[in-house]
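K.L.:
Sequence:
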Amino acid sequence: MGTSMPGGGRHRRRIRIALPVAAAGVAAAVAAALLTTSADAATPLPQPTVKPATSSPSPAELEKRVAGALAGDDTAGSTSKASLSASTNEGRIDPKVIGGSQTTITTAPWMTQLHYFDDRGTSSTSDDIGFFCGGAVVAPTKILTAAHCVKGYDWNANGAVVTGTAQLPSADGTDLHGGTVTAVWRQWNHPSYNATTIDNDIAVLTLPEPVKAKPIRMTTSGDTASYKAGTSAKVYGWGRTSSTSDDISERLKTATLPLQSDTTCAGAYGRDFVKGHMVCAGKPATGSDSGTTSACNGDSGGPLVVNNRIVGVVSWGVTDCVAKGAYSVFSKVSTYVGAAYPRVDDTNISGDHKADLWVRNASTKTGYSKDSKGTSFAARQSWGNWNGFNVVLQTDFDRDGYQDLVYRRSSDGDVFWTHFVLADNAWSTKQIADNWKTRTRIITPGDVTGDYLPDLLSVDSAGVMWIYPGKGNGTFAARVKTGSGWNQYNSVRGKGDFTGDGKTDLIARSKSGSHIYLYKGTGKSGSGAFSARVKVRSWGGYNAFDATGDITGDGKADFLARTPGGTLYLYPGTGKATSEIFATRKSVGTDFKQYDIFG
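Counted the way mature numbering (1 follows the signal peptide of the UniProt record, and there is no 0) counts, the sequence shown spans residues -41 to -1, 1 to 558.
Because the hints were derived from the structure by calculation, they are not lab data.
All the given hints hold, so there is nothing to weed out.
Cβ-Cβ distance ranges computed for the label pairs, FRET-style:
no.	residue 1	residue 2	range
1	K552	T66	54 to 62 Å
2	K535	S322	38 to 46 Å
3	P150	T66	31 to 39 Å
4	H136	A542	45 to 53 Å
5	K545	T156	30 to 38 Å
6	A154	K234	19 to 27 Å
7	N502	N344	22 to 30 Å
8	G485	D555	28 to 36 Å
9	S443	N349	18 to 26 Å
10	D550	K494	26 to 34 Å
11	T66	S443	38 to 46 Å
12	K234	E539	22 to 30 Å
Glycine is no exception: its CB is placed at the ideal position from the N, C-alpha and C atoms.
All chains should be built: construct the whole structure from the sequences, respecting the hints.
P.N.:
Here it is in structure tokens:
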């Protein structure tokens, strides 16, 4: 963006970097709990084995990736669009920022550098792939970026993420200027991403450990005000500073762009602009750097921000950024938050994108986890003896990417939170509630209040539901009453978003009539946390239910129901808030009668 820094920007050219390999070190902060009392359970709790997110690359390996990316001259997701190509770079449509001013990481603490370098395992440099993209921290282990920066690349094997600095690393990748480099655990891009049309251009990278950078939230699915023509938005990035040079900015820059109407965008780009999926911003480019403010190469995947929410992700534009009349094009985040948010809240036992199942055998009191295979579960894995507890729930209160458990002791109703501390390679257990023996429901559905921090819900003996807003570290703000009458239900479950709008919902079954009701989340706290209930089904043939999140891995929350005979059925979510909320059920086993607790 804007003019280059004194001395020029970082010119991207392909070179071969050879770095020594050193031992890796991984650290994670130990979260605090609501109460400082330890669990002090009558029987010591089991210590389940946790497989680390990934074999962490050494610092030297991450430095090599950073250096290779900075030296590379490749374009992430390079493609051609004949109607937009003007020609100099094989018709590639390059996302970028020109114009603007230098800013600090304090102003945009969530800004992230994404470095990708793959030497293809050969001694030749001709087949190397190296490129740079931007991104934004939306949760401690989650980076929102563009699908064209992710699709087709192996970020776990070749990627490095730098946070906490406004300056690009040194050419050899060893000096991060106060930043932190992290590997990538797993990746997700929108399943309908089209590399030719650059449609559905949104993705999420998951890190193996939390970063300290302060997250920024995506806008909501119902947001229209942020997209009103003329609204001022800010774009951030380290991209090219000129249409006539390959130099990228050494320091983070920002520029203010006015949002344009769909009519204006379509007028400029015709059918290449997909209304509802894309948004364009900026004033018409002048045909040269002078008078033009635009996203440019290197800014791909970076955020477009309105009122401290991400409303767009840098997607594409014309070659060299400044063709007369052109605008910068972004993925419209309000459209994709329903698809992206489940990937922000997809923590599970095995560490893939599929929610797993936790159960306890009624006679032996042994707890088991069953890894989701999409439409079935793998053989169970023992978690030891769980006698003395009557509620066990899966969650991730500290947002560290490793699944936690919340459970209630039968004898006194005390509730505990156990979470894996990566730095210690051990579990830590703390008491989070005292004497909840009379609570008829305890629920860990994820983020109810819309701040991306998982919350805790409970229903008291009078049928009043309370929200305990999570702080993201295993502690909670003061409880807030959300409504009464919840004891009319014999089951209240929830984990994730059933309706595809990016907000956490609940599913309840009435004692009378066995009707299934959807309580659609609003992303608010208090009495407005859920919309009026919607009857979606009548299920009289089941005696146990569970909701652990997205079991199938398609981004939609699913549901489980067990018959008295022991058959467990998976009801895949459809994202519809109607009677079609679930697709056709599928049996995932017939031996579930033995279990008395479903997590």
